[in-house]
Amino acid sequence: MGHLDHAAFGWLTPVLSYAMACVGAALGLRCTVRALGTAGRSRRNWLVTAASSIGTGIWTMHFVAMLGFAVSGTDIRYDVPLTVLSLLVAMIVVCAGVFAVGYGRGRTRALLIGGLTTGLGVASMHYLGMAAVRLHGDVTYDPMRVGLSVLIAVVAATAALWAALNIKSPVAVTLASLVMGAAVSSMHYTAMFAVHVRVTPSGEALHGATAMQFIFPLAVGLGSYLFLTSAFVALSPTTGEREASASAQQLPDRVTGGGRRTRAG
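Heads up, the sequence shown is in the working numbering, so the first residue is 41 and it goes up one at a time.
Hints in this document: simulated from the structure, not taken from any laboratory.
Glycine included, each C-beta is placed from N, C-alpha and C at the ideal position.
Hints should not be assumed to be uniformly reliable.
[As the list claims (entries may be wrong)] Ranges between beta-carbon positions, derived for each pair:
#1 T240 with K208: 51 to 57 angstroms
#2 A136 with D182: 42 to 48 angstroms
#3 P183 with L218: 26 to 32 angstroms
#4 R145 with T180: 39 to 45 angstroms
#5 D182 with T78: 21 to 27 angstroms
#6 N206 with E244: 53 to 59 angstroms
#7 S82 with H46: 20 to 26 angstroms
#8 E244 with H46: 23 to 29 angstroms
#9 P241 with L128: 32 to 38 angstroms
#10 A271 with S112: 39 to 45 angstroms
#11 T148 with S112: 44 to 50 angstroms
Make the full structure from the sequences, and use the hints.
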């Protein structure tokens with residue numbers, strides 16, 4: 041049985057992965073709040089941005105945490121197509137959950153469907169990512185901890201979508217994102233503690249890419265996307281600000297129009 045280390049770099053990877061989960065959750069919640077205040081194409085665009093932010097944040101959190109994953113007695117490689125597939129699954133399923141909330145008629149029903157869909161998507165992303173791991177040995181899972189990790193994912197996703205529907209202020213969104221980040225991190229490490237590895241020493245070369253060759257550059261790229269999108273959302277006007285600006289522009293026109301009518305009289 042190989043010794044598993046979930047934090048080979050100390051607290052660096054757990055803290056950084058938690059930060060990425062929080063950023064993705066905060067950005068996704070803010071975009072969902074913006075979406076619910078609009079309609080038509082604008083709502084769709086905001087929901088797509090929300091889904092991509094949450095999906096990117098969760099995937100980046102998972103694989104930043106995986107940078108600290110090591111097993112004594114074997115190297116670790118990652119299957120590139122499966123790893124990319126896990127990212128696409130995260131994006132697509134989270135998008136389905138967010139759209140269920142954004143366009144659902146019955147709020148409670150939409151919330152439950154969206155939370156279940158998104159939670160199962162998060163869990164699927166995680167276990168697809170684990171299926172991409174290549175090492176010398178056999179990987180098995182504790183069924184009870186696997187079930188617990190899926191339950192945490194569904195509850196966390198439902199809570200996040202509930203927050204998007206009910207929380208409006210930036211401070212409340214920030215607090216909700218911190219809770220969401222903690223829930224996603226808990227799901228990840230609960231799932232990782234379900235892993236057992238029986239190492240079979242071998243001199244055969246492992247197929248796939250190392251974490252530093254593939255995952256680290258991709259995680260940095262997606263992290264940059266999150267921070268750039270955060271800046272865009274922070275600088276873009278809210279619905280209330282647009283309405284106030286439109287009202288302010290209409291006021292001089294009314295005053296000017298009234299003055300003209302008075303002189304004409």
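Which hint numbers does the structure go against, in order from smallest to largest? 2, 5 and 7
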